[in-house]
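Protein sequence lines correspond, in order, to chains V and Z.
Count the first sequence with this note's numbering and you get residues 1 to 205, in order.
Count the second sequence with this note's numbering and you get residues 1001 to 1044, in order.
Just so you know, these hints were derived from the structure itself, not from any lab.
Incorrect hints may appear among the rest.
[Stated by the list, open to error] Per the computed footprint, the stretches of chain V lying under chain Z, defined by three or more beta-carbons under 8 Å from a beta-carbon of chain Z, are:
(1) 55-69
(2) 131-145
(3) 162-176
(4) 186-196
The beta-carbon is built from N, C-alpha and C at its ideal position, and this holds for glycine as well.
Each chain, written out:
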Amino acid sequence: MRLAQRLVRYLEQELHLTQDQAEIINYGLLSFMATTLNLLVLAAIGALLGVLKEALFITLVVMAFRKVSGGAHCDTLLTCTVTGTAVITAAAACTRLFAAGLASSPLFLAGAPALALVSTFLFAPADVPQKPITSARQRRILRTLSFLLLLGWSILGTSLWLTKNPFLYYYAGGNLGILWQSLLLTPAGYSFMSIISRLFSFIRQ
Amino acid sequence: MVKKRLLALVAGLLALVALSGAASACYVIWYQPELPGALKKQVL
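Okay, chain Z solo, but in the shape it has when bound (with noise of 0.2 Å):
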């Protein structure tokens, strides 16, 4: 169950910075991975 939890902590700091990324011009500095359809969808 903690295993559980954590894992899911994991996932959604992960998707917080997917969403954060996704709302601003570029990710951060050097590298832009292509951004993924599912997120094209919330973007703004």
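Okay, chain V solo, but in the shape it has when bound (with noise of 0.2 Å):
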């Protein structure tokens, strides 16, 4: 992250930036590198156990969700890539596994986004102490875009559902995302985080 700190004091120099222009392109670059670097760390395992198809599929509609809908966050860069990139492989070596059957259980396919339509009415939008979400306009407008989400996500399943595609693996593979997230948004989820990221300065110190 002194890279990042380095680049700004830079762009601060050059394009004479005031300290709250600098502080958000600060945000900006710090989002995007961690961002980046989470992204070829999971490019990479997946690529490496081969499940790279997979597990961009599932990051994609774990992204798309936790955008709208939040929930909680380790504390370091690294205890989030290590936990992320676990969680993902291991829903994509799962989907590798066991799509014959995921996909053919209309139970799954039904449950897993009735099980996140249950926790986003009741918890969602989730923010984290980082990033709290003070307006009340955008704590509705998050919502309301986690249920379309949702709604969009279950059209789709049914579609695919009704004319047997076999995308229907991937979408078998992006339900167990839903559900990952699912679990972040509620109480449950903060604290599993919560004991991750105890357990990893515990590992660091």
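Two chains, two frames, some hints: make the complex.
Following this line, the structure appears as structure tokens:
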């Protein structure tokens, strides 16, 4: 993250930025670098294990749902990268191993979005101390977008099921991602991430 | 002059990333950096 600070300082000097502008650019750069790093690590591990396509699709689904619904986070970039990569890779491996069963089970195909709907109804948008959602308008918009996303996801699943589309394989994987993200919206998900963060902090000491 | 324009473009894109992150529930997926005070003022 020192690289980010150096780059922002350089931009600040070259473009004569105000302190507020520099802060905003620093946040954008940190977010961009963290996401890029996470995706690169995930793609590398996914490719090594032969589940790259599944891992990338699940990530895409989790990213879209997470952006509008929020949820628990780890406290450091390292912890987040390791946890996120492990969970997504495990979900991708489960997709590969159990897709035939998952994609043919109407209970799983409909149950996962239904559970996500309950979790969203009860807890979305779920914020974190690093980024509190204080505006009532923003809460309303994010909540509506979360419901719309789940509605779209359910319609996609239904149409794939009715047409027996082979893409149902990836949909089943995406459902695992939806389940994971739904868990992160709940207090149990926050407790789980907190335990993971404490565990990593204990290992680092 | 070209260098300045390129740097301004990079700065603009990063500001866009930051604003999009501030307007959503959390940045994207795993790590959530602390939202700076300057962005808290601009969120919806």
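* Asked: When the hints from earlier in the document are held up against this structure, which numbers fail?
  -> The structure breaks hints 3 and 4; every other hint is satisfied.
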